[in-house]
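S.K.: Sequence:
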Amino acid sequence: MNATISKRLHVLGRKNHGKTTLVVQLVSQLSQRGLRVGTIKHTHHQHELDTPGKDSHRHREAGAECVGILTPSWSAAFWGSPLADAGDERYESFAPMMAKCDLVLVEGDTQTRAAKIEVWRAAVGSDPIAAQDDSVLAVVSDDVPQVNCPIFGRENLDTLIAWILARR
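To convert, take the position in the sequence shown, counting from 1, and add 1; that gives the numbering used here.
Calculated directly from the structure, the hints in this document are not laboratory data.
Any given hint might turn out to be false.
[Unchecked claim] Keeping only pairs whose Cα atoms sit at most 20 Å apart, straight-line, the calculated DMTMM-like set for lysine to aspartate or glutamate is: (1) Lys42 <-> Glu90; (2) Lys42 <-> Glu93; (3) Lys8 <-> Glu108.
[As the list claims (entries may be wrong)] Distance windows between CB atoms, simulated: (4) Arg37 <-> Asp135: 27 to 37 Å; (5) Arg169 <-> Ser76: 20 to 30 Å; (6) Lys42 <-> Asp143: 31 to 41 Å; (7) Ser57 <-> Asp128: 20 to 30 Å; (8) Lys55 <-> Arg34: 14 to 24 Å; (9) Ala100 <-> Thr22: 23 to 33 Å; (10) Gly154 <-> Glu93: 29 to 39 Å.
We put the CB at the ideal spot given by N, CA and C, even for glycine.
Build the full structure now, drawing on both the sequences and the hints.
M.R.: Here it is as structure tokens:
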């Protein structure tokens, strides 16, 4: 399989399979190699991202379309998501913030049409997503799942990183 990975690469896996751990490792190692890496955490749960009662939260409750927070070292913006059912188009709202990134890793979103890799652990007791989803381009696992895509070990990520970089 010689599929191309666009700027956005999703890291999938069921709960407790190690998605966050892999994303953190990839960000660290890719950044050390000089790449600018952005991340997005996708969730299907509703979360309050701001702190209720704080000024920025009150601005939003008053009707502000977008609320920004600016500190000496970080910036954040909160905006509504009217594109909740718009599929991959939802990610376009992040484009201005991610424009300087060489790669954007998205943790989650099994419904995306974008490139995906899966983290899988047999001990957790579920079948790999890649067994039913041909759009998963690779699996990261120390087990040997029955899938029709490359399998990369969890301990040595150099081969996975080389594979990712070759498909950008």
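S.K.: Taken at face value, is the distance from the CA of Glu90 to the CA of Lys42 at most 20 Å?
M.R.: Answer holds: Lys42 to Glu90 is near 16 Å, not above 20 Å.
S.K.: Assess, step by step, whether the Cα of Lys8 is no farther than 20 Å from the Cα of Glu108, and give holds or violated.
M.R.: holds (14 Å)
S.K.: Indicate whether the distance between the beta carbons of Lys55 and Arg34 respects the range 14 to 24 Å.
M.R.: With Cβ atoms ~38 Å apart, the hint is violated.
S.K.: Given a hinted range of 23 to 33 Å, is it respected by the beta-carbon distance of Ala100 and Thr22?
M.R.: holds (27 Å)
S.K.: Is 20 to 30 Å a correct range for the gap between the Cβ atoms of Ser57 and Asp128?
M.R.: For Asp128 against Ser57, whose Cβ atoms are near 43 Å apart, the range 20 to 30 Å is violated.
S.K.: Lys42 and Asp143, beta-carbon distance inside 31 to 41 Å?
M.R.: The hinted range 31 to 41 Å is violated for Lys42 and Asp143, with Cβ atoms some 24 Å apart.
S.K.: The hint says 20 to 30 Å between Arg169 and Ser76; measuring C-beta to C-beta, is that right?
M.R.: holds (27 Å)
S.K.: Does Glu93 sit within 20 Å of Lys42, going by the straight-line distance between their CA atoms?
M.R.: holds (14 Å)
S.K.: Check the following: the C-beta atoms of Gly154 and Glu93 are separated by a distance inside 29 to 39 Å.
M.R.: holds (34 Å)
S.K.: Quick check: does the Cβ-Cβ distance between Arg37 and Asp135 fall within 27 to 37 Å?
M.R.: holds (30 Å)
This entry does not satisfy hints 6, 7, 8, going by the numbered hints stated previously.
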